[in-house]
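A.B. asks: Residues per chain, in single letters:
2 protein chains.
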Amino acid sequence: MLQFDLLTTDQPRGDYAGSHARRGTLTLNHGVVQTPIFMPVGTYGTVKGVMPRSLEEMGAQIILGNTFHLWMRPGLDVMAQFGGLHQFEKWNKPILTDSGGFQVWSLGEMRKISEEGVKFSSPVNGDKLFLTPEISMQIQTTLNSDIVMQFDECTPYDTKGHITTEREARSSMELSLRWAKRCQAEFTKLENPNALFGIVQGGMFESLRQESLEQLVEMDFPGYAVGGVSVGEPKDEMLRIMAHTPHRLPAHKPRYLMGVGTPEDLVQGVADGVDMFDCVMPTRNARNGTLFTRFGDLKIRNARHKTDEQPLDVTCTCHACAGTSGVAYAIGGRDGFSRAYLHHLDRCAEMLGPMLASIHNLHYFLNLMSEVRAALDAGTFGAFRVQFKADRARGV
Amino acid sequence: MLQFDLLTTDQPRGDYAGSHARRGTLTLNHGVVQTPIFMPVGTYGTVKGVMPRSLEEMGAQIILGNTFHLWMRPGLDVMAQFGGLHQFEKWNKPILTDSGGFQVWSLGEMRKISEEGVKFSSPVNGDKLFLTPEISMQIQTTLNSDIVMQFDECTPYDTKGHITTEREARSSMELSLRWAKRCQAEFTKLENPNALFGIVQGGMFESLRQESLEQLVEMDFPGYAVGGVSVGEPKDEMLRIMAHTPHRLPAHKPRYLMGVGTPEDLVQGVADGVDMFDCVMPTRNARNGTLFTRFGDLKIRNARHKTDEQPLDVTCTCHACAGTSGVAYAIGGRDGFSRAYLHHLDRCAEMLGPMLASIHNLHYFLNLMSEVRAALDAGTFGAFRVQFKADRARGV
Chain S
0 MLQFDLLTTD
10 QPRGDYAGSH
20 ARRGTLTLNH
30 GVVQTPIFMP
40 VGTYGTVKGV
50 MPRSLEEMGA
60 QIILGNTFHL
70 WMRPGLDVMA
80 QFGGLHQFEK
90 WNKPILTDSG
100 GFQVWSLGEM
110 RKISEEGVKF
120 SSPVNGDKLF
130 LTPEISMQIQ
140 TTLNSDIVMQ
150 FDECTPYDTK
160 GHITTEREAR
170 SSMELSLRWA
180 KRCQAEFTKL
190 ENPNALFGIV
200 QGGMFESLRQ
210 ESLEQLVEMD
220 FPGYAVGGVS
230 VGEPKDEMLR
240 IMAHTPHRLP
250 AHKPRYLMGV
260 GTPEDLVQGV
270 ADGVDMFDCV
280 MPTRNARNGT
290 LFTRFGDLKI
300 RNARHKTDEQ
310 PLDVTCTCHA
320 CAGTSGVAYA
330 IGGRDGFSRA
340 YLHHLDRCAE
350 MLGPMLASIH
360 NLHYFLNLMS
370 EVRAALDAGT
380 FGAFRVQFKA
390 DRARGV
Chain U
0 MLQFDLLTTD
10 QPRGDYAGSH
20 ARRGTLTLNH
30 GVVQTPIFMP
40 VGTYGTVKGV
50 MPRSLEEMGA
60 QIILGNTFHL
70 WMRPGLDVMA
80 QFGGLHQFEK
90 WNKPILTDSG
100 GFQVWSLGEM
110 RKISEEGVKF
120 SSPVNGDKLF
130 LTPEISMQIQ
140 TTLNSDIVMQ
150 FDECTPYDTK
160 GHITTEREAR
170 SSMELSLRWA
180 KRCQAEFTKL
190 ENPNALFGIV
200 QGGMFESLRQ
210 ESLEQLVEMD
220 FPGYAVGGVS
230 VGEPKDEMLR
240 IMAHTPHRLP
250 AHKPRYLMGV
260 GTPEDLVQGV
270 ADGVDMFDCV
280 MPTRNARNGT
290 LFTRFGDLKI
300 RNARHKTDEQ
310 PLDVTCTCHA
320 CAGTSGVAYA
330 IGGRDGFSRA
340 YLHHLDRCAE
350 MLGPMLASIH
360 NLHYFLNLMS
370 EVRAALDAGT
380 FGAFRVQFKA
390 DRARGV
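Line by line, the protein sequences give chains S and U.
Everything in the first sequence is counted per numbering that gives the first Met the number 0, starting at 0 for the first residue and increasing by one.
Everything in the second sequence is counted per numbering that gives the first Met the number 0, starting at 0 for the first residue and increasing by one.
Extracted from the complex, chain S is given alone in its bound form (with noise of 0.2 Å):
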């Protein structure tokens, strides 16, 4: 099942002219999910370096699973015997699955598309497999993920250096959807109880998306997603499709942009009238000691943080933060991890310098989404947006 139910819309107020961003809920068969949402991505059944119980605590209300990687480990076998995902990775909580579609394309010379799917040569054993459209959705049946992604060509920005053209854009993205429909079909054939999202291609190319999204929202799809971004593409070539294609899909359907983003993108993507986001930079930044603030990015690695007592953000109320009180540290709370703690665990390589920041950068992204939805609520999304780029700009 899938409902989606919008709440608001950023309206013009006086001299702001309003935006695109909507505050809506969203209710799946694992739970209700408010939107705008950031989803944390679990990769192998498990969100790098995190608790289920530390995901519950920071407020994650939906996360991804690979559905190319789950199928190569554990297998389909074990996924079966536990039901799907949720039982095997002690999630109770809605799961969304990407298609495969992006891992198989990501193995270049390993794989070769043609009409029928794509053959490719497992990297884990060597093993000849081939991904089609129907084999997506029976794999993803059986991790029983609450939102399906339909499977998909993502067509790249480039090909070493050789820019794509229109005509290599409109045939990947027309591929997509002979693709979306054979989706549709055997999800629908293996009454599959859970929603299918299509997804919008044609590279960055206004004309073909907007091709693309109108052939989709024909085939009536309970969400959309906007995928081929953040796949290489100059900053402002994301934006571009950014600002052209969420808000023509169908106001009262959620949509996904796909695998964005930094904090400003997300704010931004918002602002464009996505609904759902999902990244693995707040986890992967995380391991490499990049740590995101309300005051700006900060490496942990600096020497200049070895002897400072402050937290990573004195706002934060996450577990590094703010220990397990969950007082914020610019509030008189001092039962956080101070950042010449963390400096020193990054130095020493201690396992738990990322399993703290991977902590905090993933609370970082759920809060600022928390604080986008209650701006939304109050109407006061315009002023939300110059204070957040205000204190992005201050430094940490």
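If you are wondering where the hints come from, they were derived from the structure by calculation, not from laboratory data.
Among the clues, some could well be false.
Unchecked claim - Here are the simulated BS3-like cross-link-like pairs (lysine-lysine), alpha carbons at most 27 Å apart as the crow flies: (1) S:Lys305 / U:Lys92; (2) U:Lys127 / U:Lys159; (3) S:Lys305 / U:Lys89; (4) U:Lys89 / S:Lys298; (5) U:Lys298 / S:Lys89.
To be verified - Not close to chain S: a few residues of chain U, all C-beta gaps over 12 Å, as computed: (6) Gln10; (7) Ala16; (8) Gly17; (9) Pro51; (10) Asp126; (11) Pro192; (12) Gln209; (13) Pro221; (14) Arg247; (15) Pro249; (16) His343; (17) Val385; (18) Ala389; (19) Arg393.
In this text, a Cβ means the ideal position worked out from N, Cα and C, and glycines have one as well.
Start from chain S and add chain U according to the hints.
C.D. replies: Quick look at chain U alone, frame taken from chain S:
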């Protein structure tokens, strides 16, 4: 401060001969510790892969820090700024620090031992450094650990195949005694408010152990450790020293067996009169995928776990086995993580694998000591040991 209250000893009863086991409470500046106790090792100011809150939840009462490692990183300036290790690592319960002696001794060729102390090159940056009894006391005073260990020379069992002779062991033991005096003098001079333990050495020679302990007892330390075991000697040699030394130490003072050992070693150590244990085994083995359970040890990497829906230990209430509910699988709890999931995490080298395994193994050791204490309280330690052996031999 240190106050040790002996609550009960394991008395003969009917056919049961009794043992040297004892139940006590140890009051330190940062709190009360119930003995016998296992102390998790937090080398660099973190018990590897485990959050302080998880340590509290699993019932850890006192943890270790390594003087040598903390002296290298983050260094004494940072430790002094934070007023010691507790505030830096956010652990408000008691901490015991070793003297750094074992670590400099472990440097092998890279160090030179003299009457004055140990000259060595920093393994971090190559700096020429000098560690003496006085400097060890100064560092541990800065760390503000509740229990400070004397600087000693750890007598090796063998050196490149040459088994330490009685003459060599005597010379080493006597050096440690002279260092014990210097430690005591410096500790007093520094007005350290915590408690300094002496360390019995003497290699594998009971007569030397006897001499060492008598002279240390004369110096009147508030507690005593047995050092120089678990340094590569055969198990029966270790058990021989364990049987000899602990119960000969003053009954009204706490006894700490350094660096030991397996669950079986701990239960034997308690029977030999030991109150305190530490070992890296639970966390190190966790990271290698070796799990301790009531019914024997388990290698999570084994293919037989691939589809096993049971937790590691069906009687265990740790977060890995029982989830947030804390209800063991054997009595209907189904919130824990399965062996299949842990096997999968290990196979994918996911950080959550060692995180959950570390929690489980530490919980196992802490819970074992908790069961030991309950048996001593109930006067059933003899029966407990029989059941413990039978359970562990059953197989998992």
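A.B. asks: All hints are to be evaluated individually against the structure, with a verdict given for each.
C.D. replies: Hint-by-hint comparison with the structure:
1. S:Lys305 / U:Lys92: OK: lysine 305 of chain S and lysine 92 of chain U at ~24 Å, within 27 Å.
2. U:Lys127 / U:Lys159: 25 Å, holds
3. S:Lys305 / U:Lys89: Roughly 16 Å between the alpha carbons, so the hint for lysine 305 of chain S and lysine 89 of chain U holds.
4. U:Lys89 / S:Lys298: Cα-Cα ~22 Å, so holds.
5. U:Lys298 / S:Lys89: Answer holds: lysine 298 of chain U to lysine 89 of chain S is near 22 Å, not above 27 Å.
6. Gln10: Given that every Cβ of chain S is farther than 12 Å from that of glutamine 10 of chain U, nearest at about 42 Å, it holds.
7. Ala16: The assertion about alanine 16 of chain U holds, with a minimum of 45 Å to chain S.
8. Gly17: Glycine 17 of chain U is indeed farther than 12 Å from all Cβ atoms of chain S, at 43 Å.
9. Pro51: 8 Å, violated
10. Asp126: 16 Å, holds
11. Pro192: 22 Å, holds
12. Gln209: 40 Å, holds
13. Pro221: 30 Å, holds
14. Arg247: At roughly 39 Å from the nearest Cβ of chain S, arginine 247 of chain U sits farther out than 12 Å, so the non-interface label holds.
15. Pro249: 38 Å, holds
16. His343: 4 Å, violated
17. Val385: The assertion about valine 385 of chain U holds, with a minimum of 36 Å to chain S.
18. Ala389: 32 Å, holds
19. Arg393: 26 Å, holds
Violated hints, listed in ascending order, are 9, 16; each of the other numbered hints is respected by the structure.
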